[in-house]
Amino acid sequence: MTDTSVIEKPRNQWADVWAQFKTHKGAVIGLAVFIGLVFFVSLGPFIWTKDPTYINPNAAEMIKTRNKPPSWEFPLGTDQLGRDMLARMMKGGQVSIAVGMVAMSISILLGTLVGVMAGYFKRLDGPLMRLTDLFLALPLLPLLLVMVMLFRDPLARAMGPEGGTFLLIVFAIGVTSWMQAARIVRGEVLALKEREFVLAARSIGTPPRRMILRHILPNVVSPIMVSATLGIASAIITESALSFLGLGFPPDFPTWGRLLFDGVDYIQQYPERVMWPGIAISLTVLSVNYIGDGLRDALDPRIRGR
Amino acid sequence: MLTYTIRRLLLAIPTLLFISLIIFLLVDFAPGSPMSQIPLTIPTEVRLKMIEALGANEPVYVRYLLWLKQFFWVEPLVMLDGIFGTNWSEGMQRIVSWQSRSPVMDIIWQRLPQTLTVVGSAYVVGVLIALPIGIYSAYRQYSWFDQVGTFFAMIGFSVPTFFTGVVLILVFSVNLGWFPSIYDTSLRVRDWDTFLLQVKQMAMPVAVLALYNAAQISRYMRSSMLENLGQDYVRTARAKGMPERVVVLKHVLRNSLIPVVTVIALGIPSIFGGAIITEQVFKVNGLGALLINAIQGSDLPMVQTLTFIFAVLIVLFNLIADILYGLLDPRIRYD
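Residue numbers (the UniProt record's numbering), protein chains in the order written: chain G, 1 to 306; chain D, 1 to 335.
Hints in this document: simulated from the structure, not taken from any laboratory. Treat the hints with caution; some may be incorrect.
Short derived list, chain G residues pointing at chain D, Cβ under 8 Å [what the hints assert, rightly or not]:
(1) 139
(2) 198
(3) 217
(4) 233
(5) 244
(6) 260
(7) 267
(8) 268
(9) 271
(10) 276
(11) 278
(12) 286
In silico EDC-like cross-links for lysine to aspartate or glutamate, where the CA-CA straight-line distance does not exceed 20 Å [as the list claims (entries may be wrong)]:
(13) 283/D <-> 300/G
(14) 22/G <-> 300/G
(15) 250/D <-> 232/D
(16) 25/G <-> 262/G
(17) 25/G <-> 146/D
(18) 283/D <-> 293/G
Per the computed footprint, the stretches of chain D lying under chain G, defined by three or more beta-carbons under 8 Å from a beta-carbon of chain G, are [unchecked claim]:
(19) 167 to 180
(20) 305 to 311
(21) 320 to 327
Here the structure is a predicted model, which means the values were calculated and not measured. Ideal Cβ placement from N, Cα and C applies to all residues, glycine included.
Whole structure, please, built from the sequences with the hints as guidance.
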């Protein structure tokens, strides 16, 4: 007689991953902080309804509201034009995090495409990897600066200053950061191709397209997820670096990098204006990096379950 | 090894040519021509003459080939002339900056020392901090030292250099007044006092860059040490009765340094890129500031040449890293 009640419930892979992820203290705190920041910038403006670009049209009134210290009316004070800093921080965070997410998506999409193509099709491997090496040899920050300088004005004219700059920056960061993901994915795909299940799938005549979508891609999700997380962090840093060098978004359009850049001029009188955006950027990047760290451990089956 | 090096060097030539073409074409798309800054009141024929004088009216391929010739043939000759006092390059046209109308390479040579002193010493300091931290963190894995080290490394590469720089300025120049916030390039080190001034003004930029570099390198050092500490030869060495010092600092450290050395070599060119921001924060008058200035002034020859020099550095140090890896690790053979 066997006791059927001891049979454990079949365990889901993602439940395992989550269980392992939870043991990484830094990653859990990072996730909480990151979710908090996302809520702050996305839902905050619904609660704190001040317009981040509002300048009092009455010049005498505007001068009175300039450079206010923190108060109940302006919890983070106001800037040199009397705009509310809290509202600007929220708006700026929206842009910074959106840039990070979209740029990361582009770079992961490109990287996965190149990596899978190079790993799966032998003929494409050589040329695509040469291309990757070539991109790795490019001086990226100078090139990004050059790209922004060249295309900012034409794009801004064509699509409006905000949309055009957003597209340009997101695209430029995506195009210059896909190489690591491509290399990792290619390595994984090359290893997967030697496995039996791929051979089995091929022997029943699976066409390459379905082969890649059904059998290869689901198995390379883990490394892609890790590099996607780390990609958000580096995209946010790159965007704020561009804004900091004065080659990012236009001056009246707040992002965290831009706010920091604007605050540097007033660092002697109002140091908090540099500190808030700086802390926000650092906190976001730090939390995302910790999440990536935890994910890497959680998704690695050699570590998981130990 | 020698054949490998030669093959890689030969392979680097088409790579660099291709990169130079990409950079040249990208920069050449610039809508901001230097002529757009000329007042509109200047008559058209004068404007055309000015464009002609700059050579900006030639077709793209002519300018590209000319630039290639100038970069790879004329500039080295000029350099040789400077060293040996010959006059091979006489009458040859050099790459001329559109902003200052003086040869690009001369300006780069003027700016290079500032970048090298600040960025170079920051890199050395960073490596010197990172190695001991990485070694000890790995040796006492999960100790409080390791935890603190991990946390600081995480902060080091999460907090962007422009923020650490600004915070340091805020604390040490604005509040405490210990260090100047602006780097004075014209300072010459003559005696003890000027040397102290130089150290003072270098302290903050070097600290910012060193923190950033140390964070990354210490992580590599730690993981490499950890990998080697679990190897069988370590157990053998301990079983033979080797003192712990010798086991860790001789057997393990030497093997762990192999990948770290290549990482250090690979990081050298990216330092120039990362230093653009730090130079901007502390107003160091180096290569990064030169590039930003040239970009803002649409000085195409300067931007092209500088970006290409960065690319050459990257390719060169990639090659050096690969060769070093082969030299240091006898298991790696490139044949």
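Tested hints:
| no. | hint | in the structure |
| --- | --- | --- |
| 1 | 139 | 3 Å, holds |
| 2 | 198 | 30 Å, violated |
| 3 | 217 | 29 Å, violated |
| 4 | 233 | 7 Å, holds |
| 5 | 244 | 5 Å, holds |
| 6 | 260 | 7 Å, holds |
| 7 | 267 | 6 Å, holds |
| 8 | 268 | 6 Å, holds |
| 9 | 271 | 5 Å, holds |
| 10 | 276 | 11 Å, violated |
| 11 | 278 | 4 Å, holds |
| 12 | 286 | 4 Å, holds |
| 13 | 283/D <-> 300/G | 45 Å, violated |
| 14 | 22/G <-> 300/G | 14 Å, holds |
| 15 | 250/D <-> 232/D | 15 Å, holds |
| 16 | 25/G <-> 262/G | 36 Å, violated |
| 17 | 25/G <-> 146/D | 15 Å, holds |
| 18 | 283/D <-> 293/G | 35 Å, violated |
| 19 | 167 to 180 | holds (count 4) |
| 20 | 305 to 311 | holds (count 4) |
| 21 | 320 to 327 | violated (count 0) |
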